[in-house]
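Asker: Sequence:
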Amino acid sequence: MNLPFFVYGTLRPGEINHDRFLRGRTAREEPALLRGAVLYEGPGYPYAVEAPEGEVRGELVTARPEAYAELLALLDRLEEYVPGDPRNLYDRVERPVVREADGTAVRAWVYVAAPAVAARLRARGTRVEGGDWRGVR
Numbered sequence: 724m725n726l727p728f729f730v731y732g733t734l735r736p737g738e739i740n741h742d743r744f745l746r747g748r749t750a751r752e753e754p755a756l757l758r759g760a761v762l763y764e765g766p767g768y769p770y771a772v773e774a775p776e777g778e779v780r781g782e783l784v785t786a787r788p789e790a791y792a793e794l795l796a797l798l799d800r801l802e803e804y805v806p807g808d809p810r811n812l813y814d815r816v817e818r819p820v821v822r823e824a825d826g827t828a829v830r831a832w833v834y835v836a837a838p839a840v841a842a843r844l845r846a847r848g849t850r851v852e853g854g855d856w857r858g859v860r
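If you want our numbering, it's the position in the sequence shown, counting the first as 1, plus 723.
Keep in mind that the hints were calculated from the coordinates and are not lab data.
A virtual CB, placed ideally from N, CA and C, is assigned to each residue, including glycine.
Among the hints, a few may not be true.
Said to hold, decoys possible - Label-pair distances were calculated between CB atoms; the ranges are:
| id | residue 1 | residue 2 | range |
| --- | --- | --- | --- |
| 1 | R751 | A842 | 31 to 39 Å |
| 2 | R748 | A842 | 27 to 35 Å |
| 3 | G747 | E776 | 32 to 40 Å |
| 4 | R810 | A750 | 32 to 40 Å |
| 5 | D799 | A750 | 18 to 26 Å |
| 6 | R830 | A792 | 15 to 23 Å |
| 7 | G767 | L797 | 16 to 24 Å |
| 8 | G759 | D799 | 28 to 36 Å |
| 9 | E764 | P838 | 15 to 23 Å |
| 10 | A828 | A774 | 17 to 25 Å |
| 11 | V816 | A750 | 28 to 36 Å |
| 12 | R843 | A750 | 15 to 23 Å |
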């Protein structure tokens, strides 16, 4: 099943990686919320950390069907995600995301901080209040 992607950092429209990775590969991009996560500042990019409270603002990105496999591979490479690798900075997980336009929930791929990274951020990271990376800059 080809799930959409929830993006919340450098892949959002107007950010450095949006055009590089998403331009021409998406059928739809729409504002959305990831509930049950908080956002932390990273070195030039954010990390979503799963938590019972909080929400992260971003976009729900639906790939064009013919571009899905390529986009999945490109985003895994960008996020340096390798399934099962304990050195991952991010894990790609399936989570419900809420469309802002109508409040409907959609299952989507989300790159969240891997467990070791999440533990470090919870201990001494800088949380992004309001869960919106655009507010950081």
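Asker: Starting from the hint 32 to 40 Å, judge whether the C-beta atoms of R810 and A750 obey it.
Answerer: 33 Å, holds
Asker: Given the hint of 31 to 39 Å, is the C-beta distance from R751 to A842 inside that range or not?
Answerer: 35 Å, holds
Asker: Between A828 and A774, does the C-beta distance stay in 17 to 25 Å?
Answerer: 18 Å, holds
Asker: Taking 28 to 36 Å as the stated bounds, is the beta-carbon spacing between V816 and A750 within them?
Answerer: Roughly 22 Å apart at Cβ, these two residues miss the hinted range, so it is violated.
Asker: Verify the CB-CB distance for G747 and E776 against the hinted window 32 to 40 Å.
Answerer: Since G747 and E776 have Cβ atoms about 37 Å apart, the given range 32 to 40 Å holds.
Asker: That 15 to 23 Å hint for E764 and P838 (C-beta), does it hold up?
Answerer: 19 Å, holds
Asker: Falls inside 15 to 23 Å, the C-beta gap from R843 to A750?
Answerer: This hint is violated: roughly 36 Å between Cβ atoms.
Asker: CB of R748 to CB of A842, is that within 27 to 35 Å?
Answerer: Check passed, 33 Å falls within 27 to 35 Å.
Asker: Could you check the hint for me, namely that D799 and A750 are 18 to 26 Å apart, CB to CB?
Answerer: Once the Cβ atoms are compared, 20 Å apart, the range 18 to 26 Å for A750 and D799 holds.
Asker: Okay, R830 versus A792 on CB: inside 15 to 23 Å?
Answerer: The hinted range 15 to 23 Å holds for R830 and A792, with Cβ atoms some 18 Å apart.
Asker: Falls inside 28 to 36 Å, the C-beta gap from G759 to D799?
Answerer: 23 Å, violated
Asker: Is it true that the C-beta distance of G767 to L797 lies inside 16 to 24 Å, as the hint says?
Answerer: The hinted range 16 to 24 Å holds for G767 and L797, with Cβ atoms some 19 Å apart.
Going through the hint list in order, the structure does not satisfy hints 8, 11 and 12.
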